[in-house]
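These protein sequence lines map, in sequence, to chains A and B.
Just so we're aligned, residue 0 is where the first sequence starts under numbering that gives the first Met the number 0, counting upward by one.
Just so we're aligned, residue 0 is where the second sequence starts under numbering that gives the first Met the number 0, counting upward by one.
Be aware that a few hints might be false.
[What the hints assert, rightly or not] Restricting the straight-line Cα-Cα distance to at most 30 Å, the calculated cross-link-like pairs of lysine-lysine (BS3-like) are:
(1) B:Lys167 with B:Lys152
(2) A:Lys174 with A:Lys157
(3) A:Lys174 with B:Lys302
(4) B:Lys302 with A:Lys163
(5) B:Lys167 with B:Lys81
(6) A:Lys143 with A:Lys157
(7) A:Lys221 with B:Lys302
(8) A:Lys101 with B:Lys302
(9) A:Lys225 with A:Lys279
(10) B:Lys302 with A:Lys225
(11) A:Lys163 with A:Lys143
(12) B:Lys302 with A:Lys164
(13) B:Lys248 with B:Lys215
[To be verified] If you want the footprint, here are the derived chain A segments under chain B, 3+ residues with CB under 8 Å:
(14) 35-44
(15) 63-70
(16) 212-219
Hints were generated in silico from the structure; no laboratory data involved.
Backbone N, C-alpha and C fix where the C-beta goes; we use that ideal spot for every residue, glycine too.
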Amino acid sequence: MATKKKRTLNVQNDSWVVIAADSVMDRHKHESDPAFVRLRNPSTDVASLYMLSSDDVQLFEVKAFEEDFHSWFVGQTVQRDGRLLFVTLMDPLYLILPYLIKSGREGKFQPVDQVVMDEEFPACSRLLSCTRSLASLHHIAEEKEVGKLKYHRYSQEKTMNWLKKKVERTVIALKARNISVGEGVKSSTYVRVKSESDYDEEDYLRYAHGLISEYISEDLSKALLKHLKLPELTSPKETEPPSKKRKLSDKPVEAGEDYTKFNSADFVRKPLKKMTAAQKTLAKVDKTGMKTMSSFFSPKVKAEKK
Amino acid sequence: MDLSPFETDNSVSCRLASQIPDVCRTEDCCLGIDEAGRGPVLGPMVYGICFCPVSKKQELKDSKVADSKTLTEAERENLFQKLDEARSYVGWALQILSPNTISTSMLQRTKYNLNALSHDTAIGLVQFALDSGVQLKEVFVDTVGPAEKYEEKLSKRFPGIEVTVRPKADSLFPIVSAASICAKVARDRVVKGWNFAEDLGEVDTDYGSGYPNDPKTKAWLLKYLDPVFGYPQFVRFSWSTAQTLMDSKGVTVHWDDDEEDGEKAAQRQNNKSMLSYFSASAGGNDQNPTHQTHRFFTERRLKSLNRL
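If we strip away everything but chain A, and leave its shape as in the complex, we get (with noise of 0.2 Å):
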């Protein structure tokens, strides 16, 4: 009945459906617009979307959320792609940072605005301009001040300790958004017996820190992981699959439990303490000329014998 249908790739969108803050759009008291711009993902390294409110004051990191079978209808119009774009505000810092740890290789103190270049994503130094950028470098790096000039290096113990507050912070998102932190995918409407507030503290700390880990590169994720104090846990990727067959060795085999008690002299069945009415009544009867169940199963060696 119905005939093959041929998917074409998405065409060229010249709109998008956008969540923002209201912030994004704040232009009383700036000139330019908000704008999309390709910067350096600091956990992935190649390029992601972000955006810059007016007079870059502000940086949003843009997420997609995509699924397939939906579009919009947009006023009079359709829209092919279902996808909606949310713009939320993000600490420029997470951006900066790797830049910073590059310079600090060469353990100088720098001018930031010789630091934060990148040939590739000229956008990056706009990042400076954010209110928070200037003003937060310090949680990351020493600073000098010469003159009027500042100076900075990359600390990676304040770096450490910024981050475990990140974590801490997210931690208690999480607690209040009711997120579940715990294995497994859970539906919203699927009641467990189990309540949010007997996950563990480590289960929210762990999650915490794989949500920060999406800001950070991995060398810093695991760093962090340490500093926050917990065992990395080996992914299923890099473990081999266990073998089935016990491994040979030179050592006797021995028994795992030990049933010889039972052989000893000593050993004596106990008799059941109490019976029921039933079974009381069973014993009272006349058993004479009567064979015992069990002798139904034993071989009849002694008729042949006879």
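On the provided structure of chain A, position chain B as indicated by the hints.
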């Protein structure tokens, strides 16, 4: 026949009924069931029941009700008039299944086919007669699908009532003929005065019989095909005539219960082949094999973009 309850909202199923004659509540009655508009791609399907006391069967026969298909529209209107005049002992009830009801039933996730819909509608109408206090003893039905199976289904559903299911029952039993006339008259009137819920401006009502093989109907279907929405609710979307036209002339629409080749669907959804789990890990095909997005995002279907 007052069709206004249906015409106020012709997207749903609607029941219309005559007054129940007093004599039907006290005397043993027979009941006929028939339908009109099963085949057309346009307009509603109407189920009708007609009932009268068993003792009045002859009078009904004398009024020369006959299979509605052998009659002209004027004759049918005329006969319906006669049935109306006999309201002291003849009662009727109709279930108008809008084309929208038919479309949505047949095209929903758990398919509800036309036969099942027909059977359930017929059962609903018989139950309605019983609930109204009609003393039913005999039921005559023109069959839908195999007659024996249908008869068994109805007998089980209504124990104590003698159910007779026959093909061509509308020409064999006057009470079924009467039911077919009620159904057909209602359908004709509804189709003629169809209120289009859609804003189509001045609608060309020259759509012929509404049957898929009528050239007029086909021309109308071509004319009123919207590339995005398909058709007005007047059209049964589940009919292959409508589907073929929408597939060839309309925009392709994908639903997540569309049947696709398993492998292709899997590829589209980036599913891994089962076999890949058994081979040595070769790493994913992602840009960055080491990076796995946190489940907070994957569970919510959220991802970073690298361009708009």
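Hint check results:
| no. | hint | result |
| --- | --- | --- |
| 1 | B:Lys167 with B:Lys152 | holds, 19 Å |
| 2 | A:Lys174 with A:Lys157 | holds, 26 Å |
| 3 | A:Lys174 with B:Lys302 | holds, 23 Å |
| 4 | B:Lys302 with A:Lys163 | holds, 24 Å |
| 5 | B:Lys167 with B:Lys81 | holds, 23 Å |
| 6 | A:Lys143 with A:Lys157 | holds, 15 Å |
| 7 | A:Lys221 with B:Lys302 | holds, 22 Å |
| 8 | A:Lys101 with B:Lys302 | holds, 27 Å |
| 9 | A:Lys225 with A:Lys279 | violated, 67 Å |
| 10 | B:Lys302 with A:Lys225 | holds, 27 Å |
| 11 | A:Lys163 with A:Lys143 | holds, 24 Å |
| 12 | B:Lys302 with A:Lys164 | holds, 25 Å |
| 13 | B:Lys248 with B:Lys215 | holds, 18 Å |
| 14 | 35-44 | holds (count 6) |
| 15 | 63-70 | holds (count 6) |
| 16 | 212-219 | holds (count 3) |
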